[in-house]
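Enquirer: Given chain A's structure and the hints, the job is docking chain B onto it.
Residue numbers (our numbering), protein chains in the order written: chain A, 1 to 281; chain B, 1 to 281.
Hints are computed from structural coordinates only; laboratory data are not their basis.
Note that the Cβ used here is the ideal one computed from N, Cα and C, for glycine as well.
A few of these clues could be false.
[As the list claims (entries may be wrong)] Capping the alpha-carbon separation at 35 Å, the derived lysine-lysine pairs in DSBU-like fashion look like this:
1. K200(A) with K21(B)
2. K256(A) with K200(B)
3. K256(B) with K237(A)
4. K78(B) with K21(B)
5. K78(B) with K256(A)
6. K256(B) with K256(A)
7. K21(B) with K78(A)
[To be verified] Non-contacting residues of chain A with respect to chain B, defined by C-beta distances greater than 10 Å in every case (computed):
8. C36
9. S104
10. E173
11. S186
2 protein chains.
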Amino acid sequence: MKVLIVGVGLIGGSFALVLRKHGIADEILGVEQSPCHAEQALQRGLVDRIVSLEEGMAVADLIVLAVPVDALPLLAVKVLNRVGDHQTVMDMGSIKEELCDAVSQHPRRARFVATHPMWGTEYSGPAAAREDAFAGRTAVILERERSAEDALEVVEGIYDRIGMQRIAMSSGEEHDLHAAYVSHISHITSFALALTVLEKEREEQHIFDLAGGGFESTVRLAKSSATTWTPIFLKNKYNVLDVLREHIHQLQILRKMIETDDVEGLNAAMHRANSIQRIID
Amino acid sequence: MKVLIVGVGLIGGSFALVLRKHGIADEILGVEQSPCHAEQALQRGLVDRIVSLEEGMAVADLIVLAVPVDALPLLAVKVLNRVGDHQTVMDMGSIKEELCDAVSQHPRRARFVATHPMWGTEYSGPAAAREDAFAGRTAVILERERSAEDALEVVEGIYDRIGMQRIAMSSGEEHDLHAAYVSHISHITSFALALTVLEKEREEQHIFDLAGGGFESTVRLAKSSATTWTPIFLKNKYNVLDVLREHIHQLQILRKMIETDDVEGLNAAMHRANSIQRIID
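Okay, chain A solo, but in the shape it has when bound (with noise of 0.2 Å):
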């Protein structure tokens, strides 16, 4: 299968090393619009060849988006008004509802498959692309009713064969409510927190003796890409911003908890939050 990624960062440049691994492309074709990314993705072989859409389109099976969320809804219809009755597209966005809806009424609707593979690092370009991205993971399949048949069975035959879970969501709207919950909000707790410590605090040097209290679990996030972040939190802006204040309320009751030294309201809310050990062990 020849594969066209269009965007080879973290993402597009992991999926090329893993379709590689597994023997699913027998080349890999890259657009991109970053010079020092597209040196980067060809020094570390994630593409045979830096192209452009057109020329990638020409020759491609299979078409995958992969680039900031800001950009994909309009570069997504594009790629479909030029597509062929034996490409499939598919998109690796992290936000659903715009897309969905931007390519809704597009005759070629049928030729893309819509999908969030639910993996990340804090790091991101190609350097940070990783051989072992992906598997084990969880990857969501949108309106897959709004799919062909042959596209959706070359998408999830990719999915299942480096190893991840499907599962299938009806709608973007639905699928981005729970990203803001699950990934979102965690990306702009550990943003604060950074900022929290870093206006704060001094001296540095203590800060990094003192690591291993758990600071670095919770801030690690704070790594991540503006490039990435912030076009997601604002395409995803109401949900983000629902989740965001009762986030700030929930902290706002443990702050008074504390400051009326409420033992029983502490406790009660600590047994309370164990109880996420249930979903995430």
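Expert: Same frame as chain A, now just chain B:
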């Protein structure tokens, strides 16, 4: 060396395992209030015998205080009241100001070494004790000048042998301020995040399915025990409230930026947050 561990939970129990692994203790005795924990500690071979505090102090060379921080200051005084010239007392608590103050005027203060080995997990009790604990982490030694040379040699010698880096801090106040930033706030954030998700999210299955978006790492600490953390938050109340106030403020700034589509502000804030890499990498 005969070692008495008072409080055979996650920390005391792990210390027992590590002391044994390194051949530092010939015999380890434990004082444990909870019959269930005492039973587990014996079953796992963490301690050779469960004894009363008096029995243990009659024979131990080293007395290790590993009880929750609300019980620690008074216990330290009681133990110093009975300590002999040949014995060393150390604690492993994560709050230091009140403890250091409690023992400050004690005629046998020099037999005591106040320490905080910066290690822990989100689990608690002797069942959670781990042989790979402490290694590679930092041990804070407080008020070194208040401890006798030979007592310091015992305690610092152990931390060196089990692979910890030592740093000295001159006061409990300084320690507690730093601990609020690098440990306590992370736990509060995690608890609040767990409560947020549990509060708002009804379809648990979807949270589970979507795991992988960064949620686990920020929420892991929410599995921590209230028995450990309620006293820590309350004993370090003023520092914790101060950091919490700043953290909520930072979240509110990010919220405002998202509300107003402030792309430049968000990018700038995230770039600033990214500089946390200097500290945690």
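Enquirer: All hints, please: hold or fail.
Expert: How the hints compare with the structure:
At most 35 Å may separate the alpha-carbon atoms for a hinted pair to count; K200(A) and K21(B) exceed this at roughly 40 Å. At most 35 Å may separate the alpha-carbon atoms for a hinted pair to count; K256(A) and K200(B) meet this at roughly 21 Å. Simply put, K256(B) and K237(A) have alpha-carbon atoms about 11 Å apart, close enough for the 35 Å limit, and the pair holds. Distance hint between K78(B) and K21(B) is fulfilled; the C-alpha atoms sit about 30 Å from each other, no more than 35 Å.
In summary, the hint linking K78(B) to K256(A) is supported, as the alpha carbons are separated by about 34 Å, within the 35 Å threshold. A distance of roughly 23 Å separates the Cα atoms of K256(B) and K256(A); the hinted pair therefore holds under the 35 Å criterion. Between K21(B) and K78(A) the alpha-carbon distance is near 64 Å, which puts this suggested pair outside the 35 Å criterion. The claim that C36(A) is not at the interface with chain B holds, since no C-beta of that chain comes within 10 Å of its own (minimum 18 Å).
Interface exclusion of S104(A) from chain B stands, the closest Cβ pair being 23 Å apart, more than 10 Å. A cut-off of 10 Å between C-beta atoms confirms that E173(A) is not in contact with chain B; the least separation is 13 Å. The claim that S186(A) is not at the interface with chain B is violated, since a C-beta of that chain comes within 10 Å of its own (minimum 4 Å).
Checked against the numbered hints above, the structure breaks hints 1, 7 and 11 and satisfies the rest.
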